[in-house]
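Next come the chains, spelled out residue by residue.
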Amino acid sequence: MKHAAHTTTVLLLFITALALAPLLLPEFYITLLNYIGLYAIVALGLVLLTGVGGLTSFGQAAFVGLGAYTSAYLTTVHGVSPWLTLPAGLLATALIALSIGIVTLRLSGHFLPLGTIAWGISLYYLFGNLEALGGHTGISGIPSLQVLDLEIKSGRAFFYLIWVVLLVFVLATRNLLDSREGRAIRALRGGSLMAEAMGVNTPRAKIVIFTIAALYASVSGWLYAHLQRFVNPTPFSLTQGIEYLFMGVVGGVAHVWGAIIGAGLITILKQWLQDWLPKLFGQSGNFEVIVFGLLMIFVLHRARDGVWPIITRWWPQRPTQARVVVEAAPLARRPMPKPGSLLLEIKDATKRFGGLVANERVSFSVMAGEVMALIGPNGAGKSTMFNGISGVDPLTSGTVIFRGQRVESLPARDIARLGMSRTFQHVRLLAGMSVIENVAIGAHLRGNKSFIAAACRTDRKEEARLLREAAAQIERCGLAEQMYEAAGSLPLGKQRIVEIARALAADPCLLLLDEPAAGLRYMEKQALADLLRRLRDEGIGILLVEHDMDFVMGLADRVLVMEFGRKLAAGLPEEIQRNPAVVEAYLGGVE
Amino acid sequence: MDMQIALLLGQDGLTNGAIYALLALALVLVFAVTRVIFIPQGEFVAFGALTLVSLQAGKLPGTLWLLLALGTLIALIDGALALRNRQFRRGLWIVSVYCVLPLLLAGTLFAIPAATLPLPLQVGLALMLVVPLGPMIYRLAYQPIAEASVLVLLIVSVAVHVTLMGIGLLFFGAEGSRTLPFSDVSFSLGDALLQGQAVLVVVTSVLLIMALYFFFERTIYGKALRATAMNRTGARLMGISGTLAGMLSFTLAATIGAFSGILISPITTIYYDSGFLIGLKGFVGAIIGGLASYPVAAAGAILVGLLESYSSFWASAFKEVIVFTLIIPVLLWRSLKTHHVEEE
Numbered sequence: 001m002k003h004a005a006h007t008t009t010v011l012l013l014f015i016t017a018l019a020l021a022p023l024l025l026p027e028f029y030i031t032l033l034n035y036i037g038l039y040a041i042v043a044l045g046l047v048l049l050t051g052v053g054g055l056t057s058f059g060q061a062a063f064v065g066l067g068a069y070t071s072a073y074l075t076t077v078h079g080v081s082p083w084l085t086l087p088a089g090l091l092a093t094a095l096i097a098l099s100i101g102i103v104t105l106r107l108s109g110h111f112l113p114l115g116t117i118a119w120g121i122s123l124y125y126l127f128g129n130l131e132a133l134g135g136h137t138g139i140s141g142i143p144s145l146q147v148l149d150l151e152i153k154s155g156r157a158f159f160y161l162i163w164v165v166l167l168v169f170v171l172a173t174r175n176l177l178d179s180r181e182g183r184a185i186r187a188l189r190g191g192s193l194m195a196e197a198m199g200v201n202t203p204r205a206k207i208v209i210f211t212i213a214a215l216y217a218s219v220s221g222w223l224y225a226h227l228q229r230f231v232n233p234t235p236f237s238l239t240q241g242i243e244y245l246f247m248g249v250v251g252g253v254a255h256v257w258g259a260i261i262g263a264g265l266i267t268i269l270k271q272w273l274q275d276w277l278p279k280l281f282g283q284s285g286n287f288e289v290i291v292f293g294l295l296m297i298f299v300l301h302r303a304r305d306g307v308w309p310i311i312t313r314w315w316p317q318r319p320t321q322a323r324v325v326v327e328a329a330p331l332a333r334r335p336m337p338k339p340g341s342l343l344l345e346i347k348d349a350t351k352r353f354g355g356l357v358a359n360e361r362v363s364f365s366v367m368a369g370e371v372m373a374l375i376g377p378n379g380a381g382k383s384t385m386f387n388g389i390s391g392v393d394p395l396t397s398g399t400v401i402f403r404g405q406r407v408e409s410l411p412a413r414d415i416a417r418l419g420m421s422r423t424f425q426h427v428r429l430l431a432g433m434s435v436i437e438n439v440a441i442g443a444h445l446r447g448n449k450s451f452i453a454a455a456c457r458t459d460r461k462e463e464a465r466l467l468r469e470a471a472a473q474i475e476r477c478g479l480a481e482q483m484y485e486a487a488g489s490l491p492l493g494k495q496r497i498v499e500i501a502r503a504l505a506a507d508p509c510l511l512l513l514d515e516p517a518a519g520l521r522y523m524e525k526q527a528l529a530d531l532l533r534r535l536r537d538e539g540i541g542i543l544l545v546e547h548d549m550d551f552v553m554g555l556a557d558r559v560l561v562m563e564f565g566r567k568l569a570a571g572l573p574e575e576i577q578r579n580p581a582v583v584e585a586y587l588g589g590v591e
Numbered sequence: 001m002d003m004q005i006a007l008l009l010g011q012d013g014l015t016n017g018a019i020y021a022l023l024a025l026a027l028v029l030v031f032a033v034t035r036v037i038f039i040p041q042g043e044f045v046a047f048g049a050l051t052l053v054s055l056q057a058g059k060l061p062g063t064l065w066l067l068l069a070l071g072t073l074i075a076l077i078d079g080a081l082a083l084r085n086r087q088f089r090r091g092l093w094i095v096s097v098y099c100v101l102p103l104l105l106a107g108t109l110f111a112i113p114a115a116t117l118p119l120p121l122q123v124g125l126a127l128m129l130v131v132p133l134g135p136m137i138y139r140l141a142y143q144p145i146a147e148a149s150v151l152v153l154l155i156v157s158v159a160v161h162v163t164l165m166g167i168g169l170l171f172f173g174a175e176g177s178r179t180l181p182f183s184d185v186s187f188s189l190g191d192a193l194l195q196g197q198a199v200l201v202v203v204t205s206v207l208l209i210m211a212l213y214f215f216f217e218r219t220i221y222g223k224a225l226r227a228t229a230m231n232r233t234g235a236r237l238m239g240i241s242g243t244l245a246g247m248l249s250f251t252l253a254a255t256i257g258a259f260s261g262i263l264i265s266p267i268t269t270i271y272y273d274s275g276f277l278i279g280l281k282g283f284v285g286a287i288i289g290g291l292a293s294y295p296v297a298a299a300g301a302i303l304v305g306l307l308e309s310y311s312s313f314w315a316s317a318f319k320e321v322i323v324f325t326l327i328i329p330v331l332l333w334r335s336l337k338t339h340h341v342e343e344e
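Just so you know, the sequences run in chain order A and B. Last residue of the first sequence: number 591 in my numbering, and the count goes up by one each step with no gaps. Last residue of the second sequence: number 344 in my numbering, and the count goes up by one each step with no gaps.
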């Protein structure tokens, strides 16, 4: 807790310094700080988009321009109050961001940045060629901002406005990241597969962060228009859009404060280079881009996390223990199906990868309150079957009926909502996040507070309940001591148990476990078997893929053997052990 | 619009479209082999054209200094590595390729007045100055992080692009230039006049595309590149070096870029930053092909050329807006067509 206090002190010192700056510094530095603030607001959006969500945009400058031009046009031509043009600009930005998002975000990750490059160029030329927007000369005579009788006209007055907005956005972003939706966003970087299987609507999450980043940029543009009281297309060009991304990456794109550091560094460096480079080269021009480009390549080669993590090495970070799970009401549980009733039915499941048939007309069922084991040599198509059932990689043909409903063509997140949860053969945890946060992702569908609630912290009650649930599942799986450790620091066997806890946090009635015992020691396997027996007794159906025969035979109620994508045998464990075809598949025939 | 103007615009569109198609092919190639989205492609267009301009004006092109600088840097890095591993022959080879060859080229340029040489030799010199920059940039900027995500590689691409653009401004200044036309021949087709240069551009592009096809189908290096594009790990296991494949694809892309620039420089004024927009139009074509299909990318690029040409007639101020907004419906169409879950 002492470290947490340390961080707070640094933050308070920073805010005090900011508050005093306009009283002490000369005009030049105030102007510089104003620009740093404006840029940092944009870069903050990129932190959310790039650092946290793993997406990126080179078109942020165009969104800044949209905010600025909307206000410039409406205030000068139609005499609208600046306080009304702000929502107008935000609305325009949101509409455009949503449409770009919708058309690109279903495609691979690099189509969004390419789309934003095109959009950045096309908006720049549009600003420059529309008569109504003053063409390349721009719009002048934009009114200043007024609060009651007070006119925010001077750079010093504007300084407070800009930095208050920035700090509010930083706070809101931090709050958002530390919430249910925030975890869903952070899960995007771990690949959408896991997030979808936990019920996260990943396209929606991507569109939301892209829109938030665009809205931040739009606010920055509105502030810019009324600070400068003049706009032309130049500051909204693609070059500036690229510079915003540089700010984020150099500062540290995974940290909210990295945005401010990056904006500060690049702005000051630019100022300095613009003074010196033309003298050095004996001609004028934007030569600072050479240095920025090289700096950027260097940062991406040598310090991909940017400057911020290097700075924070100077003072100890707040350990995650600082967060205590408070007592909260437990989450509502879903009604469990009656033990022995039909839970899952697979009919003629077939999966083809081009010419390779990974599953061929496989049929079986799982009852509530039983452990069904799926075994077979490597390459038999077990994990493919799991992906088909859970909707992660849908079947080519065949039907999957889960709790009386056909689900083979539903997306993974909808299947998860019906009460199916799974683990992955190759562990899919977010290595940098704590165990409890990873497990809480599993409970994603059991909360419903929105992004806005998270940003304003009105989601705390629900958040406490979600974390309590996550903590309870971790304890149940025997990992209470590792609850606040980074998931990536655990040995692989324990990481598999974290995956089980995460699946349990979803309150499933069917659990799909892909090799849960791999990498566990004998005692740990015993504990896992005990846990699975208890879950079975609670009425949960378990479908298990596992190679450890002692583990499987001691636990399973029924066994299905697969080989080369086909069903080889099915029955009680004892029958399977005696089945000559199975013995031959595993041990090879007698020569 | 009468027939004559329509034909003229069509000719213009096809000429530009052929160039965009060449660039689109190079972009698809580089992306398939290295996962790099090669934004700096456009700089090679500008560098190729402006280097030829310098040579024809009897000036030393700035790209020579860049070549010497990058060559020395690589020789220092790789040479030191070779020395540390006691591979003296390899060290010698590195120094001769990266330092001695560029120096010989520099010596040639100092000794012979390039302006008096016949055009094909000037073009050859310009290509020798610009093309090696491709693999050199791959070695320095991309190869150390070849395993990074597409996103990181894309950001590096943008960084390389702005660096080269700044360097272009430094070397060639802000004024635009044209090279001397390759031929003054013109043909008349009905009412319209076919410009010799335009015909040359289209014919050369087609020839280059055929050469590329031959390279990929018939040569061992072409097959190695195709193998790498299909499965990087598999290709490596078969002994195809990822670094070699990367440098080879960058050499091809740089050649295509520089040559495209040289082809269009007699008919279009090229500025230090013109390449970027030209390259991006190739990109729109490549994106129509989903960054994967060569024929669709080429067809898309020709479509972009025609669209640009006709929109410059009706709404010339908005031609860039129209061309780059085209990407949105294209992306929508691609988005509706794909239904796969993206995974590492």
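No wet-lab data here; the hints were simulated from the structure. Please read all numbers here as calculations on a predicted model, not as lab measurements. Hints may contain errors.
[Said to hold, decoys possible] The list that follows gives simulated cross-link-like pairs (lysine-lysine, DSS-like), each with its CA atoms no further than 30 Å apart: (1) A/LYS279 - B/LYS59; (2) A/LYS347 - B/LYS337; (3) A/LYS153 - A/LYS338.
Comparing the hints with the structure gives:
1. For the given pair, A/LYS279 sits about 23 Å from B/LYS59 by alpha-carbon distance, which is consistent with the 30 Å threshold.
2. Between A/LYS347 and B/LYS337 the CA atoms are separated by roughly 28 Å; this keeps the pair inside 30 Å, and the hint holds.
3. A distance of roughly 70 Å separates the Cα atoms of A/LYS153 and A/LYS338; the hinted pair therefore is violated under the 30 Å criterion.
Going down the numbered hints, you'll see the structure goes against just number 3.
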